[in-house]
Amino acid sequence: MIELRKVSKIYELGGEKINALDNVSLNVDNGDFLAIMGPSGSGKSTLANIIGGLDSPDSGQVIVDDENIADMNDKKLSNYRNKKVGFIFQSFNLQPTLTAVENVSIPLLFAGIPPGQRKKRAVQCLKAVGLENRLNHKPGQLSGGQRQRVCIARALVNQPSIIIADEPTGNLDSKKGGEVVALLKSLNRQEKITLVVITHDRSVADEAREVLTMKDGRLT
Amino acid sequence: MGFFDYFRVALKNLIRQKTRTFLTIIAITVGSLSLILMASIIISIRQSLVDQFQQLGAFSLVTVVKDPNAISNNALIGSNGDPSEGKRIDDTTLATLRLIPHVAEATPILTPYAKTIRLEGQNKKNWANLTGFDPASDVFNLPVTFGRKLTSDDMDKIMVGSQFVQDMGFGGHPKDLLGQRVLLNIQTGPGSGPDWGALPQQPPLNADKSWYEAQGNAGIDIPAEIVGIMNNGTLDNGQSYINIAWARKLMTRVSWQWDQQKPEDQQSSNQKLGQPYTPSIPKLSLVKEDDFTRNGYATIILKVDDQANITSVADAIKKIGYGANTAKAMLDQINRILTMVGIVLALIGGISLFVASIGIINTMIMATFERVREIGVMRACGATRGTIRKLFTFEAGLLGFWGGVLALITSVGLGQVAHLIVNKTHASLGNIPIEKIGNFPWWLIVGVIVFTSLLGMVAGLYPAIRASRMDPVEALRYE
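Which chain is which? The protein sequence lines are Z and G, in order.
Sequence positions in the first sequence follow this note's numbering and run 1 to 220.
Sequence positions in the second sequence follow this note's numbering and run 1001 to 1479.
Mixed in with the good hints, there may be bad ones.
Think about it this way: if two alpha-carbon atoms lie no more than 25 Å apart in a straight line, the pair counts; the simulated BS3-like pairs of lysine-lysine are [what the hints assert, rightly or not]:
1) Lys119(Z) to Lys1012(G)
2) Lys1115(G) to Lys1125(G)
3) Lys138(Z) to Lys1018(G)
4) Lys1390(G) to Lys75(Z)
5) Lys1249(G) to Lys1262(G)
6) Lys1012(G) to Lys120(Z)
7) Lys1125(G) to Lys83(Z)
8) Lys119(Z) to Lys1125(G)
9) Lys138(Z) to Lys1115(G)
By construction, these hints were calculated from the structure, which means they are not laboratory data.
All figures in this text were calculated on a predicted structure; none of them were measured in a lab.
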């Protein structure tokens, strides 16, 4: 259960204050599939980052599984990101010098998992996203869709309860994008992972159980 | 993340920018190499001194000198201070000193002055540093490599150092020098000379200035048979040893002396008094003068039964009114000088390491700029600020570590090269034992690596803190 209570976040840009989030309150049930839509600068990324523990609100509470992550120190918040959240990015953000397995292992490294087990779990996750034949490929040797699958495997590797995907299909054609969304949806259904997807793409939003639209830092 | 994870990740990151990493490491290598070489030169000089002292048994020796205010100098044998100051050293002194508790052995020392020494049949000359000692005493532990030690019966016999053999340009095996003769050139004067061989030329009654000048710079070659060759290290390689009885003979001079003034001088002094005078003809007589009778021994060297009693013996000697030198005092003084030289050299090396650590800072700042997104991803994947900071600090430490390792490898290599050169050419750098450079004590190896690693980590701290303070959201958005 994710619960946002009157969450506000103000950015200062060139001396001008921008309300990225303006008193946003929101409930997301465990295993829900939530899509957030809205124009650029509407605050949807800020919302996702605050749920994911990458950003902290200026005021308000963000309660995930009975804990207010808005109050957490760096160590606790990092642990929260590590154990409970998986991030999927529009530009994949894979490490070009590392193989698929090594990229997927990164969160396990910070979780203090011993090297042998790291590899085993990374391979498992890559199999789950259908990349068992690309284990030792570097991102440069993979197609866009495959890269996003590596990114999904990385998000999954620590068995999170929440996955936050910021424009996961933004850099993919509609066919590959559809495959990625289907993969995410199956994870949401089978593993009961809460899915928060930010998207411009109507067809992605249509797959979600709930669609929220944001404008000027508010939910509409 | 465990230690090995940090190590692996840091290593991988360093390999990504091979050239830059290499250049940064080279700077550290050069800096620490200069430190290592300096340290090892100082250490090996000190060690070789201690070794030689020990070989000679010098740590149980006390040198008694005339001047009670003499400071310790770096000559183990021979006097220092003002030789005309202080009390005379003679056989009575020797007997008194033998009575001091813990004195095991004693030998008087005479240092006859010979201008040069050379091999018979050769033209190459060297300064002669002759030490006359009592062969019956067991004070010196002279390291004879070929031949034998002197005995009390040995007159005109000599033990020479290996340095001498080299300097004489002797090409053959040092062993072949045994039985050959060296010529000690002892100065003669006008109508005077050593008490050896033919008597000096008698000055004619009408001897003028030019006659005296012509006689002034001559010398007599006195032969001595080589009976032993010593490898007495760098401490006093130039020293040659002879029996003290023979030394005393070498220091005995004969000279022709007039029993009264020359006739013309007699006349002039008497004429002044206005009296008539008939000058008498002066007669020459041969005068024999023993330097020992006039000046006594140069020093006496005592051997103490145990090194621990050195100080008490030295104190007892000072109470009698003589100066006392010990190897320990000498070594302390040399150590002080070496420490000072070391500090200066360390400063120079320190400056180059300082510059090298600026290189590390630069490299690491570049690395943080290149990896902004990567830092963002790591943060999103659960890395704390501390983890990021440690990663970058570790990476910088690894630069220092490899710099130190490379410096050690290089210096061991240089040591081997020096070794080869020394072995092939018998080259020497004065008292610096170059062949020992590269023989590092374990603490220097560990110390250098720990030091350069820490230096790298300290240098990496600022870039690491910068990296750890990046906002993950900004970092992920960074283009």
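The hints, checked one at a time:
At roughly 17 Å between alpha-carbon atoms, Lys119(Z) and Lys1012(G) fall within 25 Å of each other, so this suggested pair holds. At most 25 Å may separate the alpha-carbon atoms for a hinted pair to count; Lys1115(G) and Lys1125(G) meet this at roughly 10 Å. Taking the CA atoms of Lys138(Z) and Lys1018(G), the gap is near 19 Å; set against the 25 Å cutoff, the hint holds. A C-alpha spacing of about 14 Å is found between Lys1390(G) and Lys75(Z), which places the hinted pair at or below 25 Å, so the restraint holds.
Between the alpha carbons of Lys1249(G) and Lys1262(G) the distance comes to roughly 31 Å, so the proposed pair goes past 25 Å and is violated. Proposed proximity of Lys1012(G) and Lys120(Z) is supported: the alpha carbons are some 21 Å apart, at most 25 Å. Distance hint between Lys1125(G) and Lys83(Z) is unfulfilled; the C-alpha atoms sit about 86 Å from each other, more than 25 Å. Restraint check: the Cα-Cα separation between Lys119(Z) and Lys1125(G) comes to about 78 Å, which exceeds 25 Å; the hinted pair is violated.
Taken as a hint, the Lys138(Z) and Lys1115(G) pair is broken in the structure, with Cα atoms around 82 Å apart against an allowance of 25 Å.
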